[in-house]
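K.L.:
Model the full structure from these sequences, guided by the hints.
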Amino acid sequence: MRASRNKTMANEIMKNQLISKNLIGRPYWQAPILAARVEAKNCIAHHLVAIKAIESACNIKVSTQTVNLRKLLLAAEFIKNHTLYLYEAILPTFLDLETVSELAKMHPEIYHCALALTQFTDQILISIGGRVFYPITSVVSGFKSHPNKSELKQFVASNENLATFADQTLRLFAGLKLQAEKSKTDFVALHQNDEYAFYDGEIWTSAGEIITRDKFEKLVKYSNKKTFGALARYNLSQSHLDAHTKKLLSELKVEKNLSGQSGEMLAAATELNYFITLSMNLLEKLARDGVKPEHILPPQKFSTGSAVIESAGGAIIHSCELDKNGIILKYEIDMLNYS
Amino acid sequence: MMEIHPKKSLAIFSLTSCGDCFGVLKNVDWGRFSPERSVLTKLELQNFYDIDDLRGKNKIEKKYDIVIIEGHPRGKRQTDFAKLIRRQAKIVVAIGACAHQGGVYAKTNEPILKKIIRVDHTVPGCPVDRNELSRFLMDLFWGKVPRLPDLSVCFECRQNENDCLLKKGKLCLGPITRGGCDSICNNYGEACLGCRGLKPDANVEKMTEILKSITPEQDIEKMMTIFGTLKE
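Chain order of the listed sequences is E and Z.
Each residue of the first sequence is one higher than the one before, starting from 193 at the first, in this note's numbering.
Each residue of the second sequence is one higher than the one before, starting from 30 at the first, in this note's numbering.
Hints were generated in silico from the structure; no laboratory data involved.
None of the values given here were measured: they were computed from a predicted structure.
A couple of the hints might just be wrong.
Distance windows between CB atoms, simulated [claimed, not checked]: (1) E:Q311 / Z:D81: 27 to 33 Å; (2) Z:G198 / E:A435: 50 to 56 Å; (3) Z:K173 / E:D386: 58 to 64 Å; (4) Z:N232 / E:E394: 37 to 43 Å; (5) E:K439 / Z:K173: 41 to 47 Å; (6) E:S342 / Z:K71: 37 to 43 Å; (7) Z:D179 / E:L370: 51 to 57 Å; (8) E:A281 / Z:N138: 38 to 44 Å; (9) Z:K71 / E:E394: 37 to 43 Å; (10) E:D481 / Z:D179: 41 to 47 Å; (11) Z:K143 / E:R363: 37 to 43 Å; (12) E:H432 / Z:K173: 42 to 48 Å; (13) Z:D81 / E:D392: 29 to 35 Å; (14) Z:K196 / E:Q209: 36 to 42 Å.
Which residues of chain Z face chain E? A few of them, derived with a C-beta cut under 7 Å, are [said to hold, decoys possible]: (15) C47; (16) Y134; (17) E219.
27 Å max Cα-Cα, derived DSS-like pairs, lysine-lysine [said to hold, decoys possible]: (18) Z:K251 / E:K516; (19) Z:K144 / E:K493; (20) Z:K251 / E:K336; (21) E:K213 / Z:K197; (22) Z:K71 / E:K516; (23) Z:K136 / E:K516; (24) Z:K197 / E:K493; (25) Z:K173 / E:K336.
For each residue, glycine too, the CB sits at the ideal point set by N, CA and C.
P.N.:
Structure (structure tokens):
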């Protein structure tokens with residue numbers, strides 16, 4: 193496992209460096225387009241953190257509506273990645289099956305639960321971002337196109353039962369008897385004081401250290417001594433989960449301190465619940481209030497900036513330096529995740 | 030009596046890429062990708078390799094009817110491996126902008142896949158359109174020659190009644206880019222960035238002249254190379 197993780201990390205670092213070098217000399221607006229292509233499964237996370245880094249360099253503040261739309265996109269990616277992880281990577285092995293097709297034949301109700309979750313994420317990504325991979329509508333300073341009120345209302349109405357599927361997922365995986373592994377590890381993830389951090393925040397460790405940009409680079413080098421992703425976020429921020437998810441965790445007697453593969457699985461299933469609840473709340477709010485078209489203002493000043501975000505697999509930082517015309521002089525991508 | 034066509038063998042190789050094109054086919058079990066599922070009744074997916082699997086490999090044991098390559102061949106190892114793949118494949122299909130024209134991972138002056146090996150067919154785009162890929166593979170199964178549209182994105186954009194960005198003094202590569210995406214980016218108010226490559230007989234010099242009235246020449250070069258080289 194460690195050898196394959198190191199190989200995958202080496203590939204990811206190589207691709208990050210290629211894209212970073214490719215960005216030099218390009219105008220700022222190309223950063224989110226190329227950066228999204230670092231890895232398809234986390235394209236939304238890379239796309240959004242590139243946008244945030246450019247906005248940081250240009251001192252741009254976006255509206256609450258824009259932040260909510262971005263959180264919806266990112267939450268959809270989390271839900272999709274966790275669903276694929278749980279139902280494609282974990283469950284077939286547990287049930288002694290080879291493929292998802294076999295899962296569909298032997299356990300159609302489980303398969304349909306997973307299918308509903310992935311279909312929901314695809315709908316959000318298309319409705320808000322324009323397509324499933326590499327969003328089109330999302331740019332520096334906001335969104336070029338928005339879903340209308342009636343579309344959103346219809347979307348909410350057609351996904352009323354989604355919470356049930358997320359619920360069933362946590363119950364299913366909490367019921368799997370994986371041997372609990374107690375291991376001492378330092379968890380590293382985004383943290384905020386008032387919400388379950390995934391779009392913004394500071395990088396914290398479970399030892400209580402706040403990780404700055406410079407320390408993050410070193411952390412990436414020695415990342416095999418740390419734990420990140422859903423397990424880290426769960427252990428650092430579970431007090432900020434929504435009431436329904438907390439109640440379910442209590443009912444299922446899920447431990448407050450999770451570790452190992454069994455912990456990773458439960459943390460992913462827990463986050464599935466949290467992000468479904470969050471998505472539905474955001475969609476209901478947008479459907480109720482309507483989405484107001486916002487004019488995209490081009491940046492006026494250019495400097496240096498950086499931003500951080502969580503992907504399903506762990507934290508990502510993008511940093512940039514722009515010249516006075518908005519041309520990229522330097523670009524760096526650091527990530528604490530692996531496929 | 031109706032002739033039964035035997036399944037054709039299929040392998041997928043993923044070189045330096047984001048993994049999207051590879052992911053499309055690897056996740057084909059999921060019912061939501063129904064076009065791809067029908068493809069799998071005709072093509073037997075016998076193997077898929079990503080660049081981790083290729084490390085240390087200097088031969089491919091089997092021969093395949095159809096091989097799909099995604100990603101750009103970076104460096105000597107992947108270049109040599111592309112040549113190895115060619116020897117073991119009856120038909121090679123390059124999918125996505127990286128395999129087609131270098132994509133976002135190509136360094137300047139680094140040879141793209143079709144300069145290293147003979148590529149029989151290409152499914153362009155970033156990302157690849159799943160329906161287009163499925164149609165391609167089904168055509169190959171039935172022994173048909175798959176065809177890409179010859180029209181430009183500009184044509185599709187006008188059919189979709191979008192406002193012309195060039196007329197508004199904004200950059201767009203729609204007139205020289207191969208259509209088939211239904212001008213998806215333009216439909217959302219964004220410019221065409223040429224991810225599907227040049228359309229046949231594209232007049233790049235004329236396009237450059239038009240764009241010079243909108244932006245400095247070095248910016249035109251930067252726009253035309255977002256997805257690798259826009260020179261075929």
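K.L.:
Each of the hints needs a verdict: does it hold here or not?
P.N.:
Going down the list of hints, with the structure as the test:
A hinted range of 27 to 33 Å holds for the C-beta pair Q311 (chain E) and D81 (chain Z), which are about 30 Å apart. Restraint check, G198 (chain Z) to A435 (chain E): a C-beta distance of roughly 52 Å satisfies the suggested window 50 to 56 Å. Range check, K173 (chain Z) to D386 (chain E): about 59 Å between beta-carbon atoms, so the 58 to 64 Å window is met. At roughly 52 Å, the beta-carbon separation of N232 (chain Z) and E394 (chain E) lies outside the given 37 to 43 Å, and the hint is violated.
In this structure, K439 (chain E) and K173 (chain Z) break the distance hint of 41 to 47 Å, their C-beta atoms being roughly 57 Å apart. Range check, S342 (chain E) to K71 (chain Z): about 41 Å between beta-carbon atoms, so the 37 to 43 Å window is met. About 55 Å separates the C-beta atoms of D179 (chain Z) and L370 (chain E), a value consistent with the hinted range of 51 to 57 Å. A hinted range of 38 to 44 Å holds for the C-beta pair A281 (chain E) and N138 (chain Z), which are about 40 Å apart.
Between K71 (chain Z) and E394 (chain E) the beta carbons are some 52 Å apart, a value that contradicts the proposed interval 37 to 43 Å. Under the hint 41 to 47 Å, the C-beta atoms of D481 (chain E) and D179 (chain Z), about 46 Å apart, fit the expected range. At roughly 51 Å, the beta-carbon separation of K143 (chain Z) and R363 (chain E) lies outside the given 37 to 43 Å, and the hint is violated. Take H432 (chain E) and K173 (chain Z): their Cβ atoms lie about 56 Å apart, and the range 42 to 48 Å is violated.
Between D81 (chain Z) and D392 (chain E) the CB atoms are about 33 Å apart, so this pair conforms to the stated range of 29 to 35 Å. The supplied range of 36 to 42 Å is met by K196 (chain Z) and Q209 (chain E), whose beta-carbon atoms lie about 39 Å from each other. Satisfaction of the interface hint for C47 (chain Z) is found here, the shortest Cβ-Cβ separation to chain E being roughly 4 Å, below the 7 Å cut-off. For Y134 (chain Z), the suggested interface contact is upheld, since its CB lies about 5 Å from the closest CB of chain E, less than 7 Å.
The closest approach between the C-beta of E219 (chain Z) and any C-beta of chain E is roughly 5 Å, which is under the 7 Å cut-off, so the hint is satisfied. Of the supplied pair hints, the one linking K251 (chain Z) and K516 (chain E) holds, its CA atoms being roughly 18 Å apart against a limit of 27 Å. Distance hint between K144 (chain Z) and K493 (chain E) is unfulfilled; the C-alpha atoms sit about 42 Å from each other, more than 27 Å. A distance of roughly 22 Å separates the Cα atoms of K251 (chain Z) and K336 (chain E); the hinted pair therefore holds under the 27 Å criterion.
Only pairs whose Cα atoms come within 27 Å are accepted, and K213 (chain E) paired with K197 (chain Z) is rejected, the gap being roughly 32 Å. In summary, the hint linking K71 (chain Z) to K516 (chain E) is not supported, as the alpha carbons are separated by about 56 Å, beyond the 27 Å threshold. The straight-line distance between the Cα atoms of K136 (chain Z) and K516 (chain E) is roughly 26 Å, inside the 27 Å bound, and the hint therefore holds. Straight-line distance between C-alpha atoms of K197 (chain Z) and K493 (chain E) comes to about 24 Å, which keeps the hinted pair within the 27 Å bound.
Only pairs whose Cα atoms come within 27 Å are accepted, and K173 (chain Z) paired with K336 (chain E) is rejected, the gap being roughly 41 Å.
Comparing the model with each earlier hint shows violations of hints 4, 5, 9, 11, 12, 19, 21, 22 and 25; every other hint is respected.
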